[in-house]
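Start from chain A and add chain B according to the hints.
Number of protein chains: 2
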Amino acid sequence: MEQVSANRSHGGTQGVYTHQSTATGTAMTFSVFVPDHAPGAKLPVLWYLSGLTCTHANVTEKGEFRAACARAGIIFVAPDTSPRGDDVPDDEGYDFGKGAGFYVNATQAPWATHFHMRDYIETELPALIAAEFPADMARQGITGHSMGGHGALTIALRNPGRFRSVSAFAPIVSPMHCQWGEKALTGYLGADENAWREYDACALIEDGARLPDLLVDQGEADNFLHEQLKTGLLVMACRKAGIPATVRMQPGYDHSYYFISSFMAEHVAWHAERLKA
Amino acid sequence: MEQVSANRSHGGTQGVYTHQSTATGTAMTFSVFVPDHAPGAKLPVLWYLSGLTCTHANVTEKGEFRAACARAGIIFVAPDTSPRGDDVPDDEGYDFGKGAGFYVNATQAPWATHFHMRDYIETELPALIAAEFPADMARQGITGHSMGGHGALTIALRNPGRFRSVSAFAPIVSPMHCQWGEKALTGYLGADENAWREYDACALIEDGARLPDLLVDQGEADNFLHEQLKTGLLVMACRKAGIPATVRMQPGYDHSYYFISSFMAEHVAWHAERLKA
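So the protein sequences, as listed, match chains A and B.
Here this note's numbering is used: the first residue of the first sequence is 1, the next is one more, and so on.
Here this note's numbering is used: the first residue of the second sequence is 1, the next is one more, and so on.
Isolated chain A (complex conformation) (with noise of 0.2 Å):
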């Protein structure tokens, strides 16, 4: 692991870092952000997954969550969202390839090489993470932006136990009910969509899979609310199974940072009551 750049901020240190990985066999980024602790001394991680177009940048520029993050002694990890490369191969569109990984180990060429970003999430930035960092893995929170919402919650509901602390901002609920899912599903994995319900968090509540609680905060100004993300469908897999999600739909906000920003010290505040030694 290579340190590409450090900044002291709000009492603690936000650093970039990349690494080989195994899991994409290409080089990966990702930012953390460590607030000052005592020698020694162990903290929380809270992993945010990043949405479609992002990188690490975004939310480590745009987020504010560094002094939410220190008030609570909270390690923010957040992850690139596709490997990157010019041996990695790309599509025309946004929403697919580089930059929309969709946290899923592809099975379609020419996908199928790089793009194993589920097992990045899930095994190896994880091990890297609890080697490298003053990390407490015990205390693991996790949320997310849009796609990485829907990142979030699927990981969060196939790995009972190991997160303390799920929310989102405006997730992808459903991927199998909207074309930004679709796309991705069909190309990464094919057109069986029996390989898809591990990648839908309402299939996988469905199929028994679940949360301690959950918050979701959902801007109402969203351009992306009806066609895409249909927080709906969240809502009432989770009153089927009987998980506590508290789901807030938030009038006048839309989709971008803006709105991320003006909530992310609730959700911080929130993953750090349940994140408590």
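Hints may be right or wrong, so weigh each one.
Said to hold, decoys possible - Simulated crosslink set (DSS-like; lysine-lysine; CA at most 30 Å straight-line):
no., chain 1, residue 1, chain 2, residue 2
1, B, Lys240, A, Lys42
2, B, Lys98, A, Lys62
3, B, Lys183, B, Lys230
4, B, Lys183, B, Lys62
5, B, Lys62, B, Lys42
6, B, Lys183, B, Lys240
7, A, Lys276, A, Lys62
8, A, Lys42, A, Lys98
9, B, Lys98, B, Lys42
10, B, Lys276, B, Lys42
11, B, Lys230, B, Lys62
12, B, Lys98, A, Lys98
13, B, Lys62, A, Lys62
14, B, Lys183, B, Lys98
15, A, Lys62, B, Lys240
No lab work stands behind these hints, which were simulated from the structure alone.
Only chain B this time, still in chain A's reference frame:
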């Protein structure tokens, strides 16, 4: 004035606007955050002047001012740092020409045609803000970063009584005594240093100008501290003039928005205290 964008954020509206400026003879873009407020209510205004290479966008995206401004009920105005456009002359350096207006009225060719940032910030834009936004122009504060800190200090010093509160992040305190300033003042104003003094905070104080009080944050790990910013000159000038200046050297912090955003909420609170009705 035309609205470029409007995003709901932190319980207010973050807008970006463009208008045809008579001061610069170009289109100028700026951003304004307006917290929610009672109909007919007028809110105090905090000006933020940006540094070299920046537009309105840097602080708007990375400044982390909205939560604090929403809490305090303060309008936050972020202008551009120079005229822009194909017919505006430029320099190869990042520290002169476009993105580097230094808040002066240029007198030298070819800059004198468009580079009237002093008139733009001191006269034209305030009139537009007063006309178009629910702004109480009797309650204004001003701050800025680096070149924008220089702008904030010099504009406040030249306009006694206009600003109830003045602060700066890592300001250039004496452009007459650093390479950035010498290049810019020579280029925009010519070689006669007498013409420079009204654009130099330390010289203005030496010549009798005063501020009510002052808050400055300066990172100790700022690469530009010793060669360009020279905070100590301002400390000495204020001490000699009896200006109560709170100048805080912040260990480990650099010149970036990771530094600015760390202390933004404290600056907004400091202005809010002085801008109360």
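Hint by hint, here is what the structure shows:
| no. | hint | verdict |
| --- | --- | --- |
| 1 | B/Lys240 with A/Lys42 | 48 Å, violated |
| 2 | B/Lys98 with A/Lys62 | 25 Å, holds |
| 3 | B/Lys183 with B/Lys230 | 16 Å, holds |
| 4 | B/Lys183 with B/Lys62 | 28 Å, holds |
| 5 | B/Lys62 with B/Lys42 | 26 Å, holds |
| 6 | B/Lys183 with B/Lys240 | 28 Å, holds |
| 7 | A/Lys276 with A/Lys62 | 26 Å, holds |
| 8 | A/Lys42 with A/Lys98 | 34 Å, violated |
| 9 | B/Lys98 with B/Lys42 | 34 Å, violated |
| 10 | B/Lys276 with B/Lys42 | 12 Å, holds |
| 11 | B/Lys230 with B/Lys62 | 25 Å, holds |
| 12 | B/Lys98 with A/Lys98 | 33 Å, violated |
| 13 | B/Lys62 with A/Lys62 | 5 Å, holds |
| 14 | B/Lys183 with B/Lys98 | 14 Å, holds |
| 15 | A/Lys62 with B/Lys240 | 41 Å, violated |
Hints 1, 8, 9, 12 and 15 from the earlier list are contradicted by this structure; the remaining hints agree with it.
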